[in-house]
Amino acid sequence: GENVEQHPSTLSVQEGDSAVIKCTYSDSASNYFPWYKQELGKRPQLIIDIRSNVGEKKDQRIAVTLNKTAKHFSLHITETQPEDSAVYFCAASFGNEKLTFGTGTRLTIIP
Amino acid sequence: KAGVTQTPRYLIKTRGQQVTLSCSPISGHRSVSWYQQTPGQGLQFLFEYFSETQRNKGNFPGRFSGRQFSNSRSEMNVSTLELGDSALYLCASSFFSTANEQYFGPGTRLTVT
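Quick mapping for you: the protein sequence lines, in order, are chains A and B.
Here the first sequence is numbered in our numbering, starting from 1 and rising by one per residue.
Here the second sequence is numbered in our numbering, starting from 1 and rising by one per residue.
Incorrect hints may appear among the rest.
No more than 16 Å apart at the CA atoms, straight line, and that leaves these computed lysine to aspartate or glutamate pairs for EDC-like [claimed, not checked]:
| hint | chain 1 | residue 1 | chain 2 | residue 2 |
| --- | --- | --- | --- | --- |
| 1 | A | Lys68 | A | Glu15 |
| 2 | B | Lys57 | A | Glu2 |
| 3 | A | Lys37 | A | Asp59 |
| 4 | A | Lys22 | A | Glu56 |
| 5 | A | Lys71 | A | Glu2 |
| 6 | A | Lys37 | B | Glu82 |
Between beta-carbon pairs, the in silico distance windows are [said to hold, decoys possible]:
| hint | chain 1 | residue 1 | chain 2 | residue 2 | range |
| --- | --- | --- | --- | --- | --- |
| 7 | B | Gly62 | A | Thr108 | 22 to 30 Å |
| 8 | A | Gly95 | B | Phe60 | 42 to 50 Å |
| 9 | B | Gln41 | A | Gly41 | 17 to 25 Å |
| 10 | B | Thr5 | A | Gly1 | 26 to 34 Å |
| 11 | A | Thr69 | B | Leu11 | 43 to 51 Å |
| 12 | B | Ser22 | A | Thr69 | 20 to 28 Å |
| 13 | A | Gln60 | B | Lys13 | 25 to 33 Å |
| 14 | B | Thr20 | A | Thr69 | 44 to 52 Å |
| 15 | B | Gln17 | A | Gln81 | 28 to 36 Å |
| 16 | A | Gln45 | B | Thr38 | 13 to 21 Å |
| 17 | A | Asp17 | B | Ser51 | 41 to 49 Å |
| 18 | B | Asn77 | A | Asp17 | 42 to 50 Å |
If you are wondering where the hints come from, they were derived from the structure by calculation, not from laboratory data.
Note that the structure is predicted; figures quoted are calculated from it, not measured.
Don't be surprised by glycine CBs; every beta carbon is placed ideally from N, CA and C.
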């Protein structure tokens, strides 16, 4: 089955700096890669996703890149703000298969 | 559109008891997935239902079961509760499959004593 590894587990960055979270997946057939943000005490929410036919996708300060050859994808947050502090989860799936999540990255933005 | 709802929000049970959790998906969504979230294990997939059929299953013991009704509402049941079952149980709905955007419910916090 699919296995998703996520690094780092914790990340602290100064407000205004960039943050990068990386994930690797094992199943080369995986073709859907979403990222979820979970604030303390709240439900996970999709912030961006990418499919295997696209190498990069941006949405304002958030971007995701995908390297199918190396089987890894990354979340980039630029100009970080205090409200970006949360736990971020990457995930991967193929077709109607289950969504497999990474173990999460706790991002802390230091004012 | 109303979001995904889960009931109850909090539950305290004793070891050995059983529990049933409910999830109402977004209207029109046919796929409902269940996850167990614990501080050490992240989001662990339990199972997914689509059109009243279990389509995918995670690596949980048979004490964990679920079902989906014709209106797409789903329930999960845990029998013979163990202390280690204490967790936040999240359900998520999507239009067709987990390869579409999933919307999570607020979760049910289960505490087993």
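Exercise. Of the numbered hints stated previously, which ones are contradicted by the structure, given in increasing order?
Worked result: Hint check: 1, 6, 7, 8, 12, 13, 15 fail, others pass.
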